[in-house]
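*Asks:* Going down the list, the sequences are from chains S and L.
Sequential numbering from 1 applies to the first sequence in UniProt numbering.
Sequential numbering from 1 applies to the second sequence in UniProt numbering.
Careful: at least some of the hints might be erroneous.
[Unchecked claim] Pairs of lysine-lysine, DSSO-like flavour, derived with a Cα cap of 30 angstroms: (1) S:Lys210 with S:Lys129; (2) L:Lys52 with S:Lys210; (3) L:Lys52 with S:Lys405; (4) S:Lys129 with S:Lys392; (5) L:Lys74 with S:Lys312; (6) S:Lys392 with L:Lys52; (7) S:Lys312 with S:Lys330; (8) L:Lys52 with S:Lys412; (9) S:Lys228 with S:Lys164; (10) L:Lys52 with S:Lys129; (11) S:Lys342 with S:Lys312; (12) S:Lys69 with L:Lys52; (13) S:Lys405 with L:Lys295.
Hints in this document: simulated from the structure, not taken from any laboratory.
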Amino acid sequence: MVTKFKTTIAALAASTILATSAFAGELVINTDTSDPAPKAAFEQLIADFEAANPDITVKWNLFDHEGYKTSIRNFLTADAPDLANWYAGNRMLPYVNAGLFEDVSDVWEDNGLNDSLASAAGSMTIDGKKWGVPYTYYQWGVYYRKDIFEANNIEVPTNWDEFKAAGATLTAAGVTPITIGTKYLWTAGGVFDYLNLRTNGYDFHMALTKGEVEWTDPRVVETMNNWKQLIDAGFFLENHTSYSWQEALAPMVAGDAAMYVMGNFAVAPLREAGLTDDQLGFFQFPVINPDVPLAEEAPTDTLHIPANATNKEDAKKFLAFLASAEAQTKINEVLGQLPINKDSTVGDDKFLQAGYTMLSTTDGGIAQFFDRDAPAEMAKIGMEGFQEFMVKPDRLDAILARLEKTRLRVYK
Amino acid sequence: MSASRASRFNQRSLAPVLFLAPAILFFMFYVIFPIFQSMQISLYDWDGLGDKTFVGMDNYVELMDDEAFYTSLKNNVIWLVLYMLAIPAGLFIALFLNQTVFGMRLYKSLFFFPFVISQVVVGLVFTWFYDPSFGLLNVILGWFGLGPVTILGDETWVTYGIIFAGLWPQTAYCMILYITGLNAVDPEQIEAGRLDNAKGWNMLWYIILPQLKPATFIAIVVTVIGALRSFDLVSIMTAGGPWGSSRVLAYYMYEKAFSEYGFRMGYGAAIAVVLFLIMMIYITVFLVKMYRDEKGH
């Protein structure tokens, strides 16, 4: 049984009714997978699960993204479903700390997930216990216009000097090197993550997002100075503070901008906008400091059992099903993303293959994303600072001092 | 005491109480009680999920040292001052529309239109209008060889840009108040004024405006409250950005308490209490002044 709702309010009201009328053998799942591909993927997954478990009926409540972020706090405490999707890393920490997520270490233990999902085990562990099952992730990197690079005789840059040279050539040709829309801030967080991972490496980046390093540390300043080189060279789209990430796709489609530091989800809208695979390419963010092992960014999406769920037994079955290589292969085929299970097959899309090769050979570590690695409050003020820096780079000292003040308060 | 007198007594004293009871009850429960609850929560550190920790005045102390709070406060003052433009603007449109010309009802409807549509739509329309690459504003500026300007992406302009968008529906609201007020203007007084040679400004200032005092009063009240609780336009047009420079107190409270990166209920409540006090001071001053004016008559 699939129940779909357009609005949060309807879904909330309905989930109240559904949850109270839930009976044994009925599994209630809440997700915010409302975009076309994730929605289809979940439809498929639930149908397959029901086929494998004829005695279980699934009730699926679909939320929109923004509504979900606020609703999850309500339904976890008041009308808990049996399963809910969320994110790995620091993002699940508040719910784990508040005792709202169920410890699912036994699911991992019983199904050999510690081996098959090993790559994501770290981001699912808090206090030595596992709090959910990851089902998909996707790479970040630089998406670029191959045809524009070719027209200007630019090779794919692999190091910092080549990267800057490529930008200079593009600027001279009247093309903005990198498009970006920072209206909703997180896009600037992605650029910062890569610059910091390449300048100081994974361990430093993690220490910084965990609040163990001062924001005024010279190493952070070095990262920001690298960023400033790009800003001063006119790398980034003008007026980016007015655009969302989707709006910033337009200059790239039109050929006014050549690169986008983004997650793999940008590929679908770029293709829909008419770019072919001959025009569109992907490369790993170039090396800045050759002594630092290459770390990548690959946010993981997860499914959890709320502590107040009524049908935990079937929920655990569902998690085990979701963790299986076949289910992950199938769901990610539809999602256009990468499976976590090491025995799964990756879709034959060229960007997925590129991402898979990159992530499975990277030796520097895999970060989640700035706003998933850092606590929410730090993330917000940090990303606001990045946005301000991109427009007013000369305010660097004031911005870093502000972030440091926030760090001292947030992590105490 | 006879039976009829007793029932009359009941009617006089009991009936009003009974009629008022539901309203008072709801008002207490949904307005007064939450105010005190907010004040209480503002003394705690609480993420809305776990246990509350009593922190005393810590949230307020932090507020005093919070740049974002001062930005919001400053923007609130700018809102308060500039939003007042809606009142004279509404008055002059009302005077203009207070004529008997063919099709006047259509013009009135067109002027009233922005007040009827949702603030969300107003926000979106103005966001497009200001868009640096295809917005009408920059197209127009382009004709004069100016621009492009990024109104909503520039910290110096963003608040004014949002207020300008907000003035559109607010002016329509004030206009309606004045149109209604103008219907009640005594024609004999105008006639008398005419006989005494009053025209134009003098007529408006000495004869029309005093009679529009009730409308002006309501217009000021709704405009001030509208300015102080400005939230939807900020949320729709900029989400407080760029880098928080268009925040107002109501939006900052929402951000801290309920948004994706917030969930500091205590801190949000402290901001709400400050906003409440500002409104309270304003309303008290206003009421006292009104009371004195009324007593003077």
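*Asks:* Next step is simple, just say for each hint if it's right about the structure.
*Replies:* Results for each hint:
1. S:Lys210 with S:Lys129: Given that 30 angstroms is the threshold and the Cα spacing comes to 19 angstroms, the pair holds.
2. L:Lys52 with S:Lys210: Cα-Cα ~24 angstroms, so holds.
3. L:Lys52 with S:Lys405: 24 angstroms, holds
4. S:Lys129 with S:Lys392: 43 angstroms, violated
5. L:Lys74 with S:Lys312: 51 angstroms, violated
6. S:Lys392 with L:Lys52: Violated, at roughly 39 angstroms.
7. S:Lys312 with S:Lys330: 24 angstroms, holds
8. L:Lys52 with S:Lys412: 16 angstroms, holds
9. S:Lys228 with S:Lys164: At roughly 12 angstroms apart (the allowed maximum being 30 angstroms), Lys164 of chain S and Lys228 of chain S satisfy the hint.
10. L:Lys52 with S:Lys129: 25 angstroms, holds
11. S:Lys342 with S:Lys312: At roughly 26 angstroms apart (the allowed maximum being 30 angstroms), Lys312 of chain S and Lys342 of chain S satisfy the hint.
12. S:Lys69 with L:Lys52: Holds, at about 21 angstroms.
13. S:Lys405 with L:Lys295: 53 angstroms, violated
Violated hints, in rising order: 4, 5, 6 and 13; the structure is consistent with all others.
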